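A.B. asks: Protein chains in written order, with my numbering: chain L, 436 to 715; chain P, 436 to 715; chain D, 436 to 715; chain E, 436 to 715; chain H, 436 to 715; chain S, 436 to 715.
Hints are computed from structural coordinates only; laboratory data are not their basis.
Predicted model only: the values in this text are computed from it and were never measured.
Each hint should be verified, as a subset may be incorrect.
Copies of one chain are not kept apart here, so a pair can be met inside one copy or by any two copies together.
[Claimed, not checked] Only pairs whose alpha carbons sit at most 30 angstroms apart, straight line, appear in this in silico DSSO-like list of lysine-lysine:
#	residue 1	residue 2
1	Lys681	Lys512
2	Lys476	Lys558
3	Lys598	Lys476
4	Lys681	Lys558
5	Lys681	Lys598
6	Lys598	Lys512
7	Lys566	Lys476
There are 6 protein chains.
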Amino acid sequence: MERALDHLIDLAFAEDIGPGDITTESLVEPHRRGRAFILAKEDLILAGLDAVRQVFLRLDQEVRIISDFEDGEPVRKGTVICEIHGRLSALLRGERIALNFLQRLSGIATLTRTYVDRIEGEKVRLVDTRKTAPGWRTLEKYAVRMGGAFNHRMGLYDGVLIKDNHIAVAGGVGAAVQQVRDRVSHLVKIEVEAADMEQVEAALDAGADVIMLDNMSIEEMVAAVEFIAGQALVEVSGGVNLERLKDLARTGADLISCGALTHGARSVDISMRISDDSDS
Amino acid sequence: MERALDHLIDLAFAEDIGPGDITTESLVEPHRRGRAFILAKEDLILAGLDAVRQVFLRLDQEVRIISDFEDGEPVRKGTVICEIHGRLSALLRGERIALNFLQRLSGIATLTRTYVDRIEGEKVRLVDTRKTAPGWRTLEKYAVRMGGAFNHRMGLYDGVLIKDNHIAVAGGVGAAVQQVRDRVSHLVKIEVEAADMEQVEAALDAGADVIMLDNMSIEEMVAAVEFIAGQALVEVSGGVNLERLKDLARTGADLISCGALTHGARSVDISMRISDDSDS
Amino acid sequence: MERALDHLIDLAFAEDIGPGDITTESLVEPHRRGRAFILAKEDLILAGLDAVRQVFLRLDQEVRIISDFEDGEPVRKGTVICEIHGRLSALLRGERIALNFLQRLSGIATLTRTYVDRIEGEKVRLVDTRKTAPGWRTLEKYAVRMGGAFNHRMGLYDGVLIKDNHIAVAGGVGAAVQQVRDRVSHLVKIEVEAADMEQVEAALDAGADVIMLDNMSIEEMVAAVEFIAGQALVEVSGGVNLERLKDLARTGADLISCGALTHGARSVDISMRISDDSDS
Amino acid sequence: MERALDHLIDLAFAEDIGPGDITTESLVEPHRRGRAFILAKEDLILAGLDAVRQVFLRLDQEVRIISDFEDGEPVRKGTVICEIHGRLSALLRGERIALNFLQRLSGIATLTRTYVDRIEGEKVRLVDTRKTAPGWRTLEKYAVRMGGAFNHRMGLYDGVLIKDNHIAVAGGVGAAVQQVRDRVSHLVKIEVEAADMEQVEAALDAGADVIMLDNMSIEEMVAAVEFIAGQALVEVSGGVNLERLKDLARTGADLISCGALTHGARSVDISMRISDDSDS
Amino acid sequence: MERALDHLIDLAFAEDIGPGDITTESLVEPHRRGRAFILAKEDLILAGLDAVRQVFLRLDQEVRIISDFEDGEPVRKGTVICEIHGRLSALLRGERIALNFLQRLSGIATLTRTYVDRIEGEKVRLVDTRKTAPGWRTLEKYAVRMGGAFNHRMGLYDGVLIKDNHIAVAGGVGAAVQQVRDRVSHLVKIEVEAADMEQVEAALDAGADVIMLDNMSIEEMVAAVEFIAGQALVEVSGGVNLERLKDLARTGADLISCGALTHGARSVDISMRISDDSDS
Amino acid sequence: MERALDHLIDLAFAEDIGPGDITTESLVEPHRRGRAFILAKEDLILAGLDAVRQVFLRLDQEVRIISDFEDGEPVRKGTVICEIHGRLSALLRGERIALNFLQRLSGIATLTRTYVDRIEGEKVRLVDTRKTAPGWRTLEKYAVRMGGAFNHRMGLYDGVLIKDNHIAVAGGVGAAVQQVRDRVSHLVKIEVEAADMEQVEAALDAGADVIMLDNMSIEEMVAAVEFIAGQALVEVSGGVNLERLKDLARTGADLISCGALTHGARSVDISMRISDDSDS
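Given the sequences, and given the hints that come with them, work out the whole structure.
C.D. replies: This is how it looks when you write it as structure tokens:
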């Protein structure tokens with residue numbers, strides 16, 4: 436996660452501070468020290484504390500950050516998430532960038548937890564998708580884990596998902612699975628998308644490790660799960676929302692994938708209060 | 436916008452394709468050609484066509500993209516947003532990245548338009564904030580303009596906003612405004628945050644170009660606008676939502692700033708259908 | 436592969452040309468055109484034609500490269516691998532860099548083919564390791580495929596290999612496998628290293644997808660393969676060389692991993708002849 | 436050397452760790468500490484200790500590395516090269532990358548030493564060439580020095596070598612040498628390639644500082660050295676191997692250049708043992 | 436300023452040290468320590484101490500730099516600007532790069548002070564332009580401030596300057612100002628260039644915040660200032676030199692912009708004396 | 436030169452255009468075309484045409500640039516240096532950056548030519564130094580060549596210059612020269628700095644290829660040149676200016692090095708006139 440975070444912090448500093456924070460530069464002497472409190476303004480699941488740390492470390496190598504929480508824990512409205520001691524100019528410059536990371540990542544973790552709670556006790560695994568903000572993949576998938584769900588593949592390089600177009604080009608599911616197996620590491624599983632029962636059968640015959648039931652009705656899914664009978668893992672996908680979640684979980688599928696965990700999340704409300712150390 | 440977009444596309448390719456799209460590499464010969472249609476699955480305001488173009492150009496320098504729409508225009512559910520001709524392998528690899536850009540930017544433009552429509556006819560200017568996803572500032576602010584609203588400053592370098600902490604450190608509003616003026620270009624205006632009438636008065640005396648009324652009641656805002664009487668621009672901020680928008684507009688303020696335009700937006704539903712050119 | 440290649444070409448130009456090819460700049464007018472032939476000076480398996488292409492394209496966007504061969508094909512000593520038409524200055528500057536890529540990658544493919552030929556007809560899969568020159572991982576693994584062998588995981592992110600240290604820290608194989616499964620995508624298989632029969636049993640009980648027999652004798656391997664009996668894939672590793680290869684293949688293991696394919700390869704002999712277009 | 440090493444470490448981390456070491460992340464708590472020993476598994480000449488240091492410093496800023504050896508020294512099979520104390524997760528993540536550097540650089544130093552020993556006592560200087568792995572030039576040339584040989588020019592920018600093609604284009608050796616002298620710093624010497632006695636004479640007349648005898652027989656070389664008679668340095672090149680080395684040294688040439696030092700080296704066998712600090 | 440400085444230091448190290456300082460590497464053991472004094476060889480205004488600090492910190496993280504001066508202060512010929520303690524090899528390698536920064540930036544500050552002194556007591560503001568060395572904008576504008584003058588806009592993104600061509604394309608000053616206002620933040624002022632009285636009038640009518648009088652005679656400027664009468668700020672520009680400065684200041688204009696502050700400055704004479712710590 | 440130029444253009448676009456040219460974006464439609472003329476406003480020696488080309492190519496891949504001049508040629512005041520056809524928005528955005536390159540490089544070439552003319556007919560070589568603006572080394576040294584002078588070494592990597600401190604550390608000139616020879620390529624010459632006759636003798640005895648006479652009087656130089664008598668090249672350095680140049684040339688030295696060529700140059704006056712293609 437560190438490299439992805441580093442790159443985004445680079446971009447964030449370039450776009451927000453650029454040639455200089457002209458207000459703070461004009462008003463705050465470099466060595467003046469201060470203190471800041473980051474506050475939850477609504478109930479949330481925390482994710483992104485390390486981003487906060489890295490942002491302020493860039494601006495002041497001696498900053499100290501103290502928190503009673505760890506990523507993945509719930510924080511109640513009105514609670515202090517963490518306390519930051521360092522140069523006042525660093526606090527003022529980094530405030531918005533740090534909050535932008537923390538609000539967005541906690542937003543995803545918080546939304547994910549709502550979904551996870553809905554299927555508590557079910558043995559199905561809720562997983563994310565590749566529908567993430569470009570540049571944010573590693574961070575958003577981390578936030579999903581903090582929310583209590585699981586990750587699907589990271590990208591096109593660490594898992595195989597054979598879709599319609601691939602099958603058409605390869606000349607059938609069997610040929611597609613075989614060609615991919617010859618190319619990829621034996622540690623990578625092969626998943627095949629199926630839109631109906633016929634395709635499920637073909638995928639199973641081709642030796643798919645995982646079969647994705649795409650946009651099927653609950654009844655079709657139940658039938659498919661029974662037919663597959665443990666010979667492959669089963670993922671259900673398409674139109675996943677809070678309302679249908681329980682029903683999807685009860686189809687017997689092993690995995691439910693849900694794009695909304697990342698692309699449907701809004702930032703949660705978090706603010707920062709800064710004070711000069713000479714205040715009392 | 437080009438540089439910011441370039442950086443994000445770099446990160447997107449690294450995180451999504453990385454060492455290789457092992458599925459497509461195994462199955463699709465490099466020179467096979469195809470066609471794709473990008474479809475609106477809900478009503479939306481379009482933003483991000485250029486991102487789509489740049490993503491596919493990286494994968495196939497001879498790709499052609501044809502569209503009847505321009506950014507900022509409304510697109511109805513079920514409409515083809517654009518058609519793409521190029522290498523099949525490029526279409527398969529770029530699909531998710533291109534959609535991730537388009538869905539997010541159109542999501543912001545679409546949400547913004549809802550706000551803008553609510554205050555149609557009012558002379559107030561709806562503006563965004565710095566509450567954007569790190570790395571996405573330039574793109575999100577572009578999407579806000581496509582949605583019909585206006586931009587506040589891009590970052591800490593192209594506008595001055597003097598807040599509580601700055602004033603405390605400088606020893607008063609008057610001193611703060613003066614010190615900043617000496618440091619910044621004569622083309623940059625100075626805005627001062629005020630939480631009550633006393634601070635409004637002080638800001639006005641200090642020669643602020645713009646005064647931000649932060650978290651005031653509608654009545655206080657009306658009083659402040661009257662008091663300022665055109666000697667400075669007036670921005671209202673804090674707790675801005677669709678319900679209060681009309682009332683805020685009628686306070687007589689020149690600007691309403693709203694963080695939700697960017698950090699409260701979700702991606703809109705857009706999909707892509709790919710077909711092999713040998714299909715018929 | 437493109438990104439890794441791009442980065443290495445960047446470094447190669449910086450280190451070889453740097454501030455300028457002072458010889459060519461002094462002597463060759465920019466627009467003079469020439470022709471070059473790349474020649475195999477020994478029998479080899481070709482790998483790296485695209486690197487040659489990219490190197491010269493950086494120096495002359497209109498260069499043309501013509502070849503009767505594709506990567507993975509055998510080329511006999513004395514044969515012209517490809518012909519290059521372009522600016523004479525580009526040919527002179529790019530010669531050494533292009534050859535350095537081609538000789539090294541073809542060296543790996545050629546050595547790999549020797550190994551692959553030795554176990555022709557056996558159903559075992561010969562795979563590489565992570566013992567590659569830093570910066571060259573993607574390219575060297577590509578050359579291994581061109582040589583006819585297969586790839587193990589690309590890095591620490593697209594496959595799990597649980598070793599001694601991991602097991603000790605986690606408190607047993609069972610705990611280790613379970614903790615990893617909760618963290619990684621369902622598309623990633625889990626391999627466990629085992630040094631003796633007891634560890635093989637533990638790995639099997641823990642539900643390992645693949646078991647690596649590390650530095651066992653042929654007899655132990657045969658016993659382990661029988662014991663595992665298809666419930667997991669079996670990889671043999673350690674001390675793999677041309678002499679033992681056939682015996683290892685006949686243990687019934689599914690995979691033989693061999694670091695020497697990459698770290699034991701030397702560059703093959705390839706040269707380039709350049710001529711001025713005005714020559715005849 | 437630092438910059439080149441930094442770039443390769445960047446690439447190595449990206450290709451080997453990428454979005455994360457999913458095994459170690461799942462199993463090893465960040466603050467657990469450990470110890471590692473790097474062991475020579477064969478006799479070798481050491482090169483690359485600093486690369487080991489830099490790799491682990493990236494993963495743990497407080498790592499300590501203790502060694503009884505310095506680069507350039509011989510290490511016997513079975514000896515501990517160095518001991519490393521730091522975070523267990525850093526040791527596990529950095530192991531392969533650190534070894535890949537150390538094995539390759541020590542491999543070059545070790546091979547080079549074999550060559551150097553063969554001509555001990557002769558006053559000729561054994562030098563490397565530009566036949567290095569792209570991206571590795573500075574490091575490989577450093578390893579050659581650690582092996583006891585000398586460096587030829589680093590690249591096309593810090594030395595002039597006029598070849599056939601250059602001479603043809605410039606219209607003769609004399610013209611070529613003159614044009615280059617006018618362009619380059621007075622601190623750069625000019626070397627001219629000669630394939631026969633006639634060309635040797637021409638090079639000498641043209642005022643070459645160094646003359647390279649390319650692919651000549653031992654007899655021709657002896658004759659050329661006599662003819663040149665100290666008016667220029669003499670380098671012999673082409674078909675240099677261990678067998679011919681002594682004879683080449685006795686031609687009286689000042690320099691023998693040998694591509695095999697870098698492109699013919701294989702990695703030497705070095706391994707790493709890691710243990711948890713709570714072990715005893 | 437930090438980011439711009441970081442980039443230039445990167446380039447400076449690459450171009451000056453590149454693959455290595457072959458002289459120092461050959462002669463100075465890495466751990467030998469030394470001391471250096473940086474000396475003013477002529478009277479100057481200091482600018483660039485931080486660049487000196489950053490250059491040496493890259494080469495030796497424990498370097499200590501002691502100075503009695505701060506940027507912006509005058510230093511007399513023969514005075515020690517600062518003292519540097521650290522590794523001898525770092526002092527030798529960094530000397531030229533550090534001086535190149537310090538001489539150039541102090542050169543700009545020194546020249547600027549000459550201009551500023553000439554208009555002491557006048558209330559006009561002397562400002563710089565965008566005529567800076569590519570890559571050096573932020574640093575050169577910083578040096579201008581150290582010299583006692585003020586900055587115009589940093590670039591094309593933080594201020595609007597509407598020129599002839601813009602007006603022609605937009606179809607008149609009024610239209611141009613309006614279109615720009617709709618695009619830019621309310622914190623950005625709009626300046627319009629005017630070459631004669633008619634254009635001054637048009638700019639004023641269009642609501643320009645600032646009017647630039649371009650290449651007018653002193654008399655015309657006086658007339659224009661009177662006409663504008665405080666309704667917009669007035670900048671005079673074109674042919675500004677030391678001789679005319681006083682007269683320009685007395686036109687009543689608010690700002691005088693002068694490209695020569697940056698593009699007409701020469702480096703001031705500063706040298707460095709290094710000594711080995713074992714010297715006495 | 437291309438890489439250095441590329442880097443500076445990157446920085447120039449970032450610092451001057453950054454998130455956008457808000458004026459041009461607001462006013463000029465992307466496809467509108469225009470024409471520009473670059474004009475010499477004083478007599479000059481041209482250098483930097485390629486920088487102009489690269490700047491505009493970044494903004495408009497189809498731009499056409501036509502010129503009657505080549506770098507190194509004199510251009511009279513009032514002459515059109517080149518004509519540019521392309522998108523109007525590209526011309527407006529690139530104008531300042533292109534001119535900043537052209538004015539600075541032509542400034543160096545022009546100043547250099549003045550020096551070169553002063554010693555016309557003398558056989559001494561006028562060379563530059565490492566006193567260049569950080570980031571600009573390759574470009575400034577190119578401009579010096581265009582002005583008719585020669586280059587000293589590019590940096591610390593392509594030539595050896597042994598100074599006082601080096602000699603002290605190494606324990607004498609002889610030891611210093613020997614240690615360096617063992618480290619560097621045989622194509623690199625060794626220059627030794629000498630402040631008096633004693634040091635000249637020592638340098639000669641040590642086998643220096645070049646001896647630099649540092650800050651000597653004309654008489655001392657003449658004596659030193661006679662003493663050296665062609666056994667080494669002689670460079671004179673220190674206090675070189677137009678007045679002393681002729682006398683320095685007549686000392687019989689081979690080289691005169693002069694820092695002022697680069698660090699004492701000011702930008703020459705060049706402007707650009709842009710017109711819309713629909714103008715007539």
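A.B. asks: Look at each hint and say if it fits the structure.
C.D. replies: Tested hints:
When the C-alpha separation of lysine 681 and lysine 512 is checked against a cutoff of 30 angstroms, the pair qualifies both within a copy, at 28 angstroms, and between copies, at 29 angstroms. Proximity of lysine 476 to lysine 558 under the C-alpha cut-off of 30 angstroms is found in neither arrangement, the shortest distances being 33 angstroms within a copy and 32 angstroms between copies. Taking identical chains as interchangeable, the C-alpha atoms of lysine 598 and lysine 476 lie at most 30 angstroms apart only when they sit on different chains, with a minimum of 20 angstroms there against 43 angstroms within one chain. Taking the closest pair of Cα atoms, lysine 681 and lysine 558 come within 30 angstroms of each other only inside a single copy of the chain (11 angstroms); across copies the shortest separation is 45 angstroms, beyond that limit.
Only within a single protomer do lysine 681 and lysine 598 lie at most 30 angstroms apart by alpha-carbon distance; the minimum there is 26 angstroms, versus 38 angstroms between protomers. In this assembly of identical chains, the alpha carbons of lysine 598 and lysine 512 lie at most 30 angstroms apart only when taken from different copies (24 angstroms versus 44 angstroms within one copy). In this assembly of identical chains, lysine 566 and lysine 476 lie within 30 angstroms of each other by CA distance both inside one copy and across copies; the values are 27 angstroms within and 15 angstroms between.
Consistency note: the structure conflicts with earlier hint 2 alone.
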